[in-house]
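Chains as they are written, first to last, in UniProt numbering: chain A, 1 to 88; chain B, 1 to 429; chain C, 1 to 987.
Errors might be hidden in some of the hints.
[Claimed, not checked] Below, in silico cross-link-like pairs of lysine to aspartate or glutamate (EDC-like), each with a Cα-Cα straight-line distance of 20 Å or less:
{"no.": "1", "chain 1": "C", "residue 1": "Lys-873", "chain 2": "A", "residue 2": "Asp-12"}
{"no.": "2", "chain 1": "C", "residue 1": "Lys-873", "chain 2": "C", "residue 2": "Asp-888"}
{"no.": "3", "chain 1": "B", "residue 1": "Lys-300", "chain 2": "C", "residue 2": "Glu-531"}
{"no.": "4", "chain 1": "B", "residue 1": "Lys-279", "chain 2": "C", "residue 2": "Glu-136"}
In short, the hints are calculated from the structure, not lab data. It should be emphasised that the depicted structure is a prediction, and the values quoted were computed from it without experimental measurement.
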Amino acid sequence: MRLTCPFCGPRDLREFTYRGDATLRRPDPDAANAASAFADYVYLRANPRGPHREHWYHAAGCRAWLVVERDTATHAIGRVALARNDQP
Amino acid sequence: MLALASGNAAGSRMRYSLFSLLREALNGQAGWPAAWRDALPRAHYDIVVIGGGGHGLSTAFYLAQEHGITNVAVLEKGWLGSGNIGRNTTIIRSNYGEPGNTPFYEHSMQLWEGLEQALNYNAMVSQRGVLNLYHTDGQRDAYARRGNAMRLHGIDAELLDRARVQELCPFLAFEDARFPVAGGLLQRRGGTARHDAVAWGYARAASTLGVDIIQNCEVTGFDIVQGRVRGVQTTRGPIAAGKVGMAVAGNTSHVAAMADLRLPIESHVLQAFVSEGIKPVIPNVVTFGAGHFYISQSDKGGLVFGGDIDGYNSYAQRGNLPTVEDVCESGMAMMPMLGRLRILRSWGGIMDMSMDGSPIIDRTPLEGLYLNAGWCYGGFKATPASGWCFAHLLATDRSHPVASAYRLDRFATGLVIDEKGAGAQPNLH
Amino acid sequence: MPRQRRPGTGIDPAQKLDFQFDGLPLQGVAGDTLAAALLANGVRVVGRSFKYHRARGIVTAGPEEPNALVELREGARLEPNTKATTVELFDGLSARSQNRWPSLGLDLMAVNQLASPLLAAGFYYKTFMWPRHFWEKLYEPAIRRAAGLGRASGLPDPDSYEKCYAHADLLVVGAGPAGLIAALLAARSGARVILAEEDFLLGGRLLAEAFLIDDAPAHLWARRVEAELETLPNVRILKRTAVFGAYDDGTFGAIEKVADHLPEPEPGQVRQRYWQIVAARAVLATGGIERGIAFGGNDRPGVMLASAVRTYLHRFGVAAASRIAVFTSSDDGWKTAFDLAAAGIEVPFLADARADVAADLVERGRRLGLRVELGARVEDATGATGLNGAYLRSARGTTWLPIEALAVSGGWNSNLGLSTHLGGKPEWSETAAAFLPGKTPSWMRVAGAAAGAFGLGEAFRGGVEAALAVLGELERRVPAFDMPIASDDPARTTPLWRVEGASGKAFVDLQHDVTVKDVELAHREGFKAVEHLKRYTTLGMATDQGKSMAILGQAIMADLEKVGPAGLGTTRARPPQVPVAIGALAGRHRGRQFRPTRLTASHDWAAAAAAPFMDAGLWKRAQYFARPGETNWRQAVDREVLTVRAHVGVADVSTLGKIAVLGPDAGIFLDKVYVNGFSGLAVGKVRYGLMLREDGFVMDDGTAARLGDTDYLVSTTTANAANVMMHLEYCHQVLWPQLDVRMASVTEQWAQFAVAGPKARALLSGILPSTPLENGDLPHMGCRPIEIGGVRGRLFRLSFSGELAFELAVPARFGAALWRSLVHAAETLGGSAYGSEALGVMRIEKGHVGGAELNGRTTAFDLGLGRLLSRKKDFIGRVMAARPALNDLHRMRLVGLVPLDGRAKLPVGAHLVPEGERPAASVDQGYVTSAAYSPTLGHPIALALLSGGPERLGQTIRVVDPLRDGDALARIVAPVFVDPEGSRVLA
């Protein structure tokens, strides 16, 4: 598998570290439902079979956190973007 | 009445015995019946188990055997045993350290020990010992804690020093190694079993007791009426059910999504490997402590080994080269005699990686739907107890005592069972 | 008896090579495979089968070989299960047959054949259950001894391997006609081409047939193309290189056999090279594999694939026997008969199962004087240790005819394995009478016989088409080329899977001894799915991976199910496409090179002092520095501890992680990742900090120093340095990218040494004469820049030992020099260097948590650090750490333990049960996490996690260690043993 890092270009899987679902948003810690919102955020995943937005870290490269669109059924890679530009 | 409905089916089985073997040897093997009935789906079952793998089949068997519930169907989307029961490294053990896990896996070990007699099927359970190597004082200490926990549960465990490991496995890297072997934790009752035969044995025994095993029958949706599951939609039509149990590790999230459930699970690919067959060289199961690697030798002579998951969400049943290399590097580091032996086959299984590395056997928020999931890569050894406890839950609506920690709500409450201490990061468990 | 060697396209008959088989001295020629040389010497039986121990001979001429497996080489280089058909002969080669006892000719295990009525598929699952405990004691060991084929050496592999990475515009796998022409076109266009061929010669079937290309022998065309490719700088030809797997995004794995054709690798030469090849496009031109037919005794030594007979004839100049009959259901078998007849070899008969055969073939056969039998079948072959005849059934009845070899052709399979690795599903083609590759990724094409183009002309066309498509996609010009004019016509096949009426065993898997009857039994017992068939009978699971014959079993099952091959399908291949040595995939990462070794600045000094080292992650840390007369490690460690507590000691603490956190928002950022506050920390101050994971459990601890207004230095534990770095980057880039902060790991850039003990200030004042060190200048938890010998460094007043202590940091390249001067200064003050063991003892004496307590399952509350959790701000883990279950009094929480008798060891890993209770899981209340003998106190001490521990101080608990027969009573105490008031650090 190869990811195209926006800084470094196409690089082999072995340079990256995977984290998981990039659609999650850290909840408001001061909200009334913070306890349950954080439990969902920390533990629950859609885990789809198919298109997935996910976080990867270019550990052996530029150390950028990336948002990668990837199909979990085929491993086909779509768009790769910097996580810092992927804010709600 | 239930028993009557399946009585004919049960009557058609043939018991495996010395007599039947000899008779069939003289008869050109012409008299053996099918190992299990290939059933057609009926309109209604008391209990429908989704997933014709090890856990689903053992659940059905124990429902029939232990609870007398035989109006049961096992639905399998492909061929029986096509999931992780046929894609693992066949290791059985009960060397767990966390209180929520230890009694469960020991219950499983005890069921393994009587499995052949219970099923009248030789699943080749082979208690050749599981040896976990340590290389540092810190690892030794962690194994001491685990081994003592096992001993307090009445489970066999021995902490071996370097010399005793060397007696057992002289071929390991004790010298000239980046992380020389310093000792190990040994569970002699651990070992291996023939994975496919476990599925076939449970299928045959369950079928004999009247359970319907339905292959090529994929669940496509749940029938939910007033907040309660009443049955499933399948590629072979609707099937009504009093209760529905899911045992579809690898696909749990995908199936659960049909009931609008989000679960504390990610699907990850785990690769495994087998070498060409050779004469016996490895007496037991050995796991490396300075990398992720475990190996044993099958009855056929192949070295069966594996390592870590690839580390990214996947449903593709195949992995990539970095993990292949990592596994082989660890193998060579642990036992450099592997160098000239060749990998013959590899495969990938899809693991339900849970958020704390431990499984779930529980009811779901949806009434009538029960969950057996999150086995990470420890599902094979759990097969008997998983079925036993899931059957208990389905039959009685109460958790079995040895599985009482496997609650779905433990993630929200924080009563997690985290053997590795890796936290809510599934690919680290 | 050596046969007369004929000319061959791939050999040099003038160059003789001596070799041994089962101790017998034999001779072959350069260019031979071991199999070719054995055949040339008239060796017929080369091995015994897996289950029935039947005598077996060479069947094929390639990696699909099921029978001719040998043990190659000796000693630590012993290589079991090596296919004689792929071994390149070298002078002095030594090989032995396998799986026979005592000898190949007399194999006593052949007694298994007598029991064969019993040993049907699935036999094991039905038996060995009585009596219950006999399986592991009696049956299984016997089965294991009988199973397996060759032996492993049991010795470390003495050869070395390496990994290489290559990139290409086009990877062509296979250098037969389709692959060669595809590579040639792409190469002429200027594209970067890698051509990988498993064989040691390029050409594939062009070497093995009597083909003409452009009216000249086909192998000359191959040689010409090879010569041109070799001149092109944009082409890399990898011979002896098997591509074993296709992976995501154009990645391939391949193994190059660098020195397997030599007696042993040259000095410095690797045995094999593992390539990871990344290609923008790939053409799989992996050819086809002929299949046999299941008739009685189709395993007799002398029964061969018809194409293999031609390969031995044309490429190696070897006639497989002097009387070779042909049995076919394909036009291809006829080719063998014609070629044999043309070479003057007797062909006793040609039996074609088809009644309807092209007239020109029949005509040509008659013209050559062949006995041609149409609509005929070989029912049974005879000759237990070598084929001596066959029962031929034709319309005229059944006759036994004496023959020496039988060339069999049941048609061709596409060698499509690589096309399925990424999920492609093979599809049955009625026209090709074979499974052909299904859907492949857009960057992967299949050409030639692998795509079902079994004729030479169509293979060339397929190769050209694939190359043109690739060049179009890569936007490269199409070069000039001449389409080769090939003599060959496509062969027609009517599949014949099995011969009805066979009385002997008819095999569908030669190596694993799977017979037609086994397939029928599997069907009867319900193992009908193609994967059930495989797993129940072991069809196709042997070292030949069922490449030639497994299709027979699958097709017979399909017939029994009345669904046809298309309905039943076939198994999907997974990597590796050919068996791959584990050592090759590990490359150089073995032994001491398994993982990198990280060394501290003081390492050489410590090594010279004969210090033992412990592994801390990838770091090596010196454990202690024994002095003459100290006979065990405890004496050294005790002395080092007492020296620090009484005088002064110096220790290398460089392995702790160090992360520079810089920027206007650095303080705000640290507030979010630590449970306690850092934005308010004054410049020149250090603070202990605790990090949680978002799930509320402890992740790591350490200190952060504020070196300047926008300049913090975070320290981590040795084990967690990389994880914390990744975590901080995540927090910044993903959670709070608006914060103006940057970070960098500087662990390697700084060497850092602790100077601890009552004389620490005295020591430092000698080293740093101009730096004020008094409490008023540099109080506990203070830090400041320093200059030492013209080098800029940092000084921290930090204490892990509980003594007056400093940590001195300099750029790593000055570390060794500083270390030596620190040790020297310490010694002049009665002090010494101390190692990681003394460091650990003093940590426990002070009750600081370490790796054993930061085990990923503990909370701040458990560790007595709950008071650090700020209530004024948000931080990672705050919400989840507040969950009641994480703050339950009954959780296992940190306490100290001292033995009641003042002597007993309290070993790490021992569990804690109430006094007076029988030790059992039901009363298990905790365990010992860290333990040491405290030389300061003169008795053992321990840290433990104990249920409700802090509420039980003063009580007695039982410390049980069943693994090591330990049992002791301990008093529960607060987890600080030495100087609980903490006054000494302020000295």
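Hint-by-hint comparison with the structure:
| no. | hint | in the structure |
| --- | --- | --- |
| 1 | C:Lys-873 with A:Asp-12 | 40 Å, violated |
| 2 | C:Lys-873 with C:Asp-888 | 23 Å, violated |
| 3 | B:Lys-300 with C:Glu-531 | 18 Å, holds |
| 4 | B:Lys-279 with C:Glu-136 | 17 Å, holds |
Of the numbered hints listed earlier, those contradicted by the structure are 1 and 2.
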